[in-house]
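Respectively, the protein sequence lines represent chains A and B. For the first sequence, this note's numbering gives the first residue as 1, with consecutive numbering after it. For the second sequence, this note's numbering gives the first residue as 1001, with consecutive numbering after it.
Every clue listed holds true.
Listed below are the simulated DSS-like cross-link pairs for lysine-lysine, each with C-alpha atoms no more than 25 Å apart in a straight line:
| id | chain 1 | residue 1 | chain 2 | residue 2 |
| --- | --- | --- | --- | --- |
| 1 | A | K99 | B | K1057 |
| 2 | A | K69 | A | K99 |
| 3 | B | K1070 | A | K99 |
| 4 | A | K49 | A | K68 |
| 5 | B | K1053 | A | K99 |
| 6 | A | K58 | A | K99 |
| 7 | B | K1053 | B | K1070 |
| 8 | A | K58 | A | K68 |
| 9 | B | K1070 | B | K1057 |
Just so you know, the hints here were simulated from the structure itself, not pulled from any lab data.
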Amino acid sequence: AQSVTQLGSHVSVSEGALVLLRCNYSSSVPPYLFWYVQYPNQGLQLLLKYTTGATLVKGINGFEAEFKKSETSFHLTKPSAHMSDAAEYFCAALFGNEKLTFGTGTRLTIIP
Amino acid sequence: DAGITQSPRHKVTETGTPVTLRCHQTENHRYMYWYRQDPGHGLRLIHYSYGVKDTDKGEVSDGYSVSRSKTEDFLLTLESATSSQTSVYFCAISDLVRFRDGYTFGSGTRLTVV
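Assemble the whole structure, with the sequences as input and the hints as a guide.
Below you can see the structure in the form of structure tokens.
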């Protein structure tokens, strides 16, 4: 079955440290891939997306993600964490139909 | 987002009562979706619509019904609310032409069933 897996429901990093949030998908055909961010008591906001073309995609707030077909992965990174990055992050995939499939989310905590 | 609004934002209701949540869009998008968000489960699709009067079930549709009589409105009804339906509900919209842009989400409705 097609699915999205996020490793680590909670990730803590120090301010200024590298942020790495992991996402893997299960599908024989590479899907469109998305990262969304959710700040407390808000809806989801699109951070970045991969559809076709360049496998390293840049998004808002200094985040980027790299699509690796061989690893079926789409990990999210940011070189230097900021306190304002504290939020929940969701990876999602569009597997060729009209419906996004979400991972279970990763809550990012930034340690001052 | 300015183009999609959900109402109410918060609701407390009693077990066994019917509840209707509303999603309204001003983007004229064809597709509309209802998700629920629960800790440890991420977002799970309840129902979606691909046009006026055209709807289909998602992965967690039991106990929910939907209606779409106008392009701009998508209603989610809990026929007889249960405590397991306590959740945050999100509506989303997307456009057939711009699927690769992903969805636009509303701000959510926090529903508590007591």
